[in-house]
Amino acid sequence: MIIKVRERTKMSAYERLYLPEVFRGLGVTLKHLFHNLFGNHKTRPLQTVRYPEQKLNYPERFRGQHRLLRRDNGSTRCVACYLCATACPAYCIHIVAGEAKDPKIEKYPTSFTIDMLRCIYCGLCVEACPEDAIRMDTGIHTKPFLARSDAVMGHLELLAFPGQKDTSLPYGAQEYRVLKNTEKI
Amino acid sequence: MPYLTIDGERIEFEKGETIIRAAERNNIEIPYYCWHPRLSVAANCRMCLVEVESCPKLVPACQTECQDGMIVNTKSQKVKATQQAVHEFILINHPIDCPICDQAGECKLQDYYMQWDKTQSRMQDAKVNKPRHNRLGPYIIYNAERCIMCTLCVRFMEEIAGMRQLGIFNRGDHSEIDIFSGQPLDHPYSLNTVDICPVGALTSTVFRFKQRVWNLKRSASICNHCARGCNIYIDQRAGNIYRFIPRENEAVNQSWLCDEGRLAYSQTNQRLAHALIKSSSTPEPTVSDCNKAKQRAVDILAKPNAVPPHLGAMLSLHATCEEAYVFIRLLRDVFGVTKIALLEYNLGTQDSFLRLADKNPNRAGIMIIIKELGVTIFDNNELLNAITNNSIKTLIVLGHEGDNAEVVAKTAAKANTNIIHLTSARGPLSEVASVTLPILAWPSLDGVWVNADLRAQCLTPAFTGEGDSQPSYNWLINIATCLGANFNLNSIETIRDQITQQITAFAKINLANIPSVGVELA
Ligand code: SF4
Ligand code: SF4
Ligand code: SF4
Ligand code: SF4
Ligand code: FES
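Top line first, the protein sequences correspond to chains D and Z.
Residue numbering for the first sequence follows the numbering used here, starting at 1 and increasing by one per position.
Residue numbering for the second sequence follows the numbering used here, starting at 1 and increasing by one per position.
Hints listed in this document are in silico derivations from the structure and should not be mistaken for laboratory results.
Accuracy of the hints is not assured; some may be wrong.
[Claimed, not checked] Straight-line C-alpha distance at most 25 Å; calculated PhoX-like pairs for lysine-lysine:
| # | chain 1 | residue 1 | chain 2 | residue 2 |
| --- | --- | --- | --- | --- |
| 1 | D | Lys104 | Z | Lys130 |
| 2 | D | Lys143 | D | Lys55 |
| 3 | Z | Lys210 | D | Lys101 |
| 4 | Z | Lys278 | Z | Lys294 |
| 5 | D | Lys107 | Z | Lys210 |
| 6 | D | Lys104 | Z | Lys127 |
[To be verified] Computed far set for chain D versus chain Z, every beta-carbon distance over 10 Å:
| # | residue |
| --- | --- |
| 7 | Val28 |
| 8 | Asn40 |
| 9 | Leu146 |
| 10 | Phe161 |
C-beta: ideal position from N, C-alpha, C; glycine also.
Isolated chain Z, as found in the complex:
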């Protein structure tokens, strides 16, 4: 195997590997701005210059391929002087906007300046003023003064998005990134340019000025917007989600995320904290004590007409596998329900990159569980008919996510069906439900989703639920116990054990310990 030496460390490499990649593999830090592992090499920022023995000039590490026996030095005096010079050059016209710049706190220019430069500017002339507030598209504002012309955004649009919506205009220190006239930056993946911009030149209109990044807490999660299950980070403060950021996963979304999914965060910020009840005397749902509400649910389910075929069940395709498993088991074993309806979103837009038409993140997982537990699916029209002709008198629903919630709610209201709704947010169903019990929303849940490619991925709780909200299986087990059923699933561990025992597709998976990139179901 050929090898090279970086800072005295012997590193073996494959032919064609660049110095920056070889260094990265070995945790040797080479600073860079214009390089991105998934984009072509432009080598225009000159931040990654390193010294190669017997080479008269410094070479860009992002572009230079490793050669057998090469001796590279990334920490020498000469390299350090160059890094300083590069910063002095970039900062000639860069404003010190950090107090208002959204990038402050995660800005490479700030970090590298503190790490490698820290010298005064010798520049005497006035800075070149460029447009500071150029709206490039529906979600993107561009500040030309902060731009360091790394062209990452241009290359992203060209190579990943496949649409040349950005270009460099003008020359020298008057150059700017801009759109071609009449063609706004409205590509469905446009917000990725904000992520890869190393400085605060591109900002998202949605996140702009909402929060400083150092106030946000980050946790790994899965996007809930379609069945692709892109890996994300949730950035939140005090239970308020401010943005989704792509999390790298070679097998699912590489380092990207679509705008649609990214902007779905705001829906999750309206969460239900308290139980609601509704009766003939209170036509509007009113907040209730959670024990009282639970008792009400138990009373409804204890009535003689709450047995099949008069008991219906509906399950949202946003539920985790654990939630779905307990829900189906409860209905099957305690009530004998063998037909379950699905609360689902209609097909949406699809493209050849990440977005899938199926907007339900856990359809695959729930389908596996439904099939293996031996229940059948209640067709939507069949369910509506059953409600209308009063053969279903009680309906128990888990989740609020679905386009068919509205029509079910309307039909149920007309037919006076008793609805018990377990949900994390108010929706059309909770407006007509007799009882609504608050459950944890997906960012607060520990659970598993299976994406369209049958990859099981785990959700990790980003924050705790508010008020009386609990995981739905706690409510379900509690209700079952009140009804006198011996429903022996008292913790998430037992639920997971049971799933691995009973569902063959999950048999080989340790549900409690799924790696951050997920595992494929056999």
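One chain only, chain D, in its complex shape:
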């Protein structure tokens, strides 16, 4: 066990009076309030963005929404190994595995959902995936939802997200519209 010994700081008589300090704190709060209400747009400490008319640039390492990737032949790369679901600290990935028709592939997810309302965007699922089947490289926001059930994304939806510009092409997510129309899994 670590024991940390801290010396008690002595308070001055003025501090010990208590009330003056309370009013000083209130003063700080009020100062911020007025600055934000009437201050100059550039200097005011609280920056609000009038989204969606006005957008911020994200840092380069912003990951954004997950996507699932496909093999060259259009089938999903995911082999339903449950490693992402196992690694996920928010328990938001749910997989049901099934027997694939192709005996070389054997296993594929008959259902793969991520509950976006529970997801904390930590990226551990991406780290865990042995197949490079799940990535967080779309750089797009998860859209807002009106119902809880809308926040649960299925694998067709996840397969339909395009990746960011520079991510490598071979995994085929970019042709998503064609594939989505043919509903190839």
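Got chain D sorted already, so can you dock chain Z with the ligands onto it with the hints?
Just chain Z with the ligands, lined up with the frame of chain D:
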């Protein structure tokens, strides 16, 4: 007594004991793939090689008998190098299929690799491709690429099942396990090969891809499929049972389980969570509030025609001894019923190994209780006649398990008999019952079953019951109290005390603390 030294520990042994057994007895870990304590020794995987002093080469611990004064070293540099080499050899052609392999999470190859090897493969050539999806029989799929040719499955079929349905075909790194043409692996004990396969080469068509093993929770229990009472582990997740695995018990099932019993798990997954009631206005059973349903049962039993001989009782042979005891006591002491009918399965297949024709797991236990509590058995035909000629107007049934449930249900429906059904799943009887009360299914129960050899074995709850389900004795005691009876059995401990006091066969047994391998009734 002769002794040998393993890793500096002095171990005494009986003549003929092998090094691996002596080490196991003393909790010294020697890794192995092809050895099984109940099968002959093949010594072909070379995983168990150990160093014996004054012996020029390493020796397989699974095959070498202990000698007096032998000095064995299982942790030396030489042994470690060999274990690494063995893995490098096995992994030459083994695919890293773990993400799709059902064995991942309980794979010896994975575990040992992490424990003893952890080196890169130096292999440059392409792996040998073999069939990955070879259906050997109704329940078994074989992946030749993952097979490490330990021959455990072949030896199991030959030595335990007694039927040579498997063999090794081809040579060298092209060898495969396969069936002889036209003779599928359909032996009634075939799924044991999946259990003993140390890797994911043999997978069960039933369990395949259903769940990853690390998500499953395991608890000890007893198979409910026949009167043998094989010891099992229940693997479940969130109250859904995914498989039964044999649990070792020398006196009952050794380390094996029949396919039939193993596959019976799925029936237990359909459980009743809510009470059902049925009346003339609602011809179909409808879900009801459990208090209302209980009150309905009490009302039915309080009617003047719900007394013997107009009150009948039926008890499933799947009930635990505790459940049966409370049921019989209630009927005998509160209602004065002295004749009880049995809900039972017809005789099934039998063989000379594990399977018994009697498919009712607790027949022996219930028979003892029935006899000692002084009630008699209502013959099935007698019961049907009594229902038909309306001499039985109310029937109280515990359990749904039995082949005669259907005919009783039909007869009762025709005769307009009031049925009160306590059950863990819907069945033919709950479709015609006036009231159905949900009880805990056997995997959720704390209770005792007695098998055909009069061995009392305990069930341990694997998960809690859903919805309004309760142990049947809670319902029964509750109903009795509502009827004004002073039925002083308010906890499982009191019930057990009473059983040990009243039933002489159980007198010497501590029902609350039966060892995991069970105890024989005197
Ligand atoms: S980003 Fe994190 S929380 Fe979200 S699904 Fe992946 S592992 Fe779970
Ligand atoms: S996305 Fe990756 S980690 Fe998740 S189940 Fe599929 S293959 Fe496994
Ligand atoms: S048997 Fe299966 S889990 Fe074990 S190492 Fe091979 S592929 Fe992986
Ligand atoms: S199938 Fe399994 S048990 Fe049979 S030889 Fe291969 S690895 Fe051994
Ligand atoms: S376990 Fe001894 S050689 Fe395989």
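Okay, which hints does this one fail, numbers in order? none
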